[in-house]
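Student: Chains as they are written, first to last, in our numbering: chain A, 1 to 456; chain B, 1 to 337.
Bear in mind the hints are in silico, worked out from the structure with no lab data behind them.
Among the hints, erroneous ones may be present.
[Claimed, not checked] Short, incomplete list of chain A residues facing chain B, as computed with Cβ under 8 Å:
1. Ile202
2. Pro360
3. Phe428
Just so you know, even glycine gets a beta-carbon here, dropped at the ideal spot from N, CA and C.
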Amino acid sequence: MNFEKYEWVAIAIMVSLFIFVGFIQGWSVSLVILNMCIISAIMTMGVNISWGYAGVINFGVMGFLAMGGLAAVIVSYPPITESWKAGGTGIGVSFILLVILVTAVMYINKTVTDKKNRYIFNTIFIIFGILVIRHFYLDATESIEDVNPAIAGFLGGLGLPIIFSWIVGGFFAAGVAFIIGKVALGLRSDYLAIVTLGISEIVVSVLKHEEWLSRGVKNVIGLKRPVPYEINLQNTDWFINLITYLNSSKLNNIVDVSDRQQVLNNLIIDGSGIFVKLSYAVLFLIVMFIIFYFANKAQLSPWGRMMRAIRDNETAANAMGKDVVKQHLIIFVIGAAIVGVAGAMLVTLDGLFTPSGYRPLRFTFIIWIMVIVGGSGNNLGAIFGGFVIWFSWIEAAPLTTFIINQLTAGLEPTNALKLHLLDSVPYFRYLFMGLILLLILRYRPKGIIPEKIRHS
Amino acid sequence: MIDFLNSVIVLLNFIIIPGITYGSQLAIGALGVTFVYAILRFANFAHGEIMSFGAMITILFTWFFQSQNIGLGILPTALIALPIGIVATIILCIISDKFVFQYYRYQKSVPVVLAMVSIGVMFVINAIIRIIIGTETIKFSDGQKFIMKAKQFKVMTGLNEGLALKSSQVITILITIALLTFTFWFLQKTKTGKSMRAFSDNEDLALLSGINPDRVVFITWVIVGVLACVAGTLYGLDKSYKPIIYLNLVLPIFASAIVGGIGSPFGAVVGGYVIAFSEIMVTYAYKKFFVYILPSSLEPSGLVQLLSTDYKFAVSFSILVIVLLIRPSGIFKGRVL
């Protein structure tokens, strides 16, 4: 890939930010921020693909992330056989009935041409179907939720390595996106925004309250990691040797044996934490580069050109024989799938799934700020936006504390205004985010790294 | 007969009165969104935060009046503070228009850009609110809490079921009636209102006939400020004020505006009640009602609840999706999306 000069500058800025934080606040902090930055960059690329390439708005980021998170639980959590015994059949039967109901409705839509009759048939079928399904479903879920509610109370998962969930998460999100797209993609862009926002809320509220599936607000904790645990590392020979080797000069200066052991132990504890975060970072970077590579390939391909044509002039593209509706659906699903991958990665990194933690402000609007700030239609811009915005989101608090302390230096430490301002430090990040978004939209509406105009 | 009365009271107490109250709050909110949509032509995501801001100023002045021992006796003090809140909200709207929205209006930006801009405004107002008042839940209704307690009603009528009437509910309903009457009178009868309708119908023709667009926009923001502040305060008075709630309230409000037919003020009001009633009716457990109305042999065993209350929020959106699928222009023909 050929980068322009200013793009190299952007990359250099991103790298130097982390080195700077590494020296000031420690490498552990720097790596924590880096990991979240990479995940944010992937989410941003997902949104950017649908919005930047084809102009399809996707405000359902939160819902797709949650679907990815659900995939992480379902793939990696060990299966709970008792729950399956208690309610597995009931869930299976209701699922089959649901499939039958959906097929029936689709069949009605295809065969019954009269609009009025169609509505009547559909309503009757849906109400009747739901009543039948409820009968099986409620019993089943109740008995599942009764199985050992303190630690289980849900179906569990497949017990596979969590890394597979990154792919499965993509498929989960894509499935939901397909349904949403079928329903809503015909709407004008700002309505599509509202509808996707609302449907993502529905997705999250389902995950919050269907305890048999996701354990709901009780959260799923202790998901297995794809990387080693700190405690195991600290007792592994090669790791101890590695740390000893890396710090040999420092350790050799210490004469006293017990002192040296003490220092080595501390180094190992620190090192294990950093090693774990570093392994996450490497895994995430691999995913990010793969997605970046293919996203760029796609953008340069004839397909990408067609997407731009659809974005810039839908009518003309339609006149050229391009199936706009279908392409919109495809790109919406692809974008959502990438967001789903990021969602699974997010849960992998945290090791826990908390449905109530999905809030639109944090998981939809911030991602959109990343897209707008970075530059819609440019993948490097998306990554840059993800990095810079997440970085400022995290570093806003220390920065605000610093600024407030400087501004109120003349006031007494017990001054009410000063105390109040210091108490509200966490809220200043919203102010920053809003101002950044407004300034970028006003003075650089194409984003920091704008889309390259190609005359090909 | 007594059973029948009892069942009616159950419905009145748990569905109709809460429905009308919540519906009124949604209706005023949706009316504000519709005004912005009809005149300024974008979906204002910041509306919830504007409501929250109005409520916050009202609360701050309520506290001030309480500390000065100024009150209205049995009515909540917030009613005196409300006009100040309204003025502050109008100022907020005008400022955000002057510094932010005006530029894009002159640029003739596409609606989706303006929607993005409104998200930026939402973040800024959100931050200001949190910095000033924090994120705690605040109860600020004082005065007499109930007009009629459930017990009083039981003693009075001798029925099994009580009917409670909170003063905040009555205040909400009365203020809504007054505000809606005024708004529709303004739109239908005054010259400014007519010019606003003309502007909304056909901007070019309105400009040709000499309507000053800046004035129309100014008046719109004034009305939006009034509606937003009143809706926010009434919601806070009824349910207690919580800054984060208002972001979630934006979605049912949008749903109301779209269901009723976006751009149509009357539709927005109807949409508000439709959304409110369906949220409550779908998630209410009808067991008590059926116990009264059915003979004892037919008494239901379960709760007779269509959806658990957890899904209250999802209901409004499902309705929105259904309406968009069946009748994209809303119940009362708004603009076709």
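Student: Restraint: A/Ile202 near chain B, CB-CB cut 8 Å. Satisfied or not?
Tutor: 4 Å, holds
Student: Does A/Pro360 meet its interface restraint, that is, does its C-beta lie within less than 8 Å of any C-beta in chain B?
Tutor: 7 Å, holds
Student: A/Phe428 was flagged as interface toward chain B. Is the shortest Cβ-Cβ separation under 8 Å?
Tutor: 7 Å, holds
Checked against the numbered hints given earlier, this structure breaks none of them.
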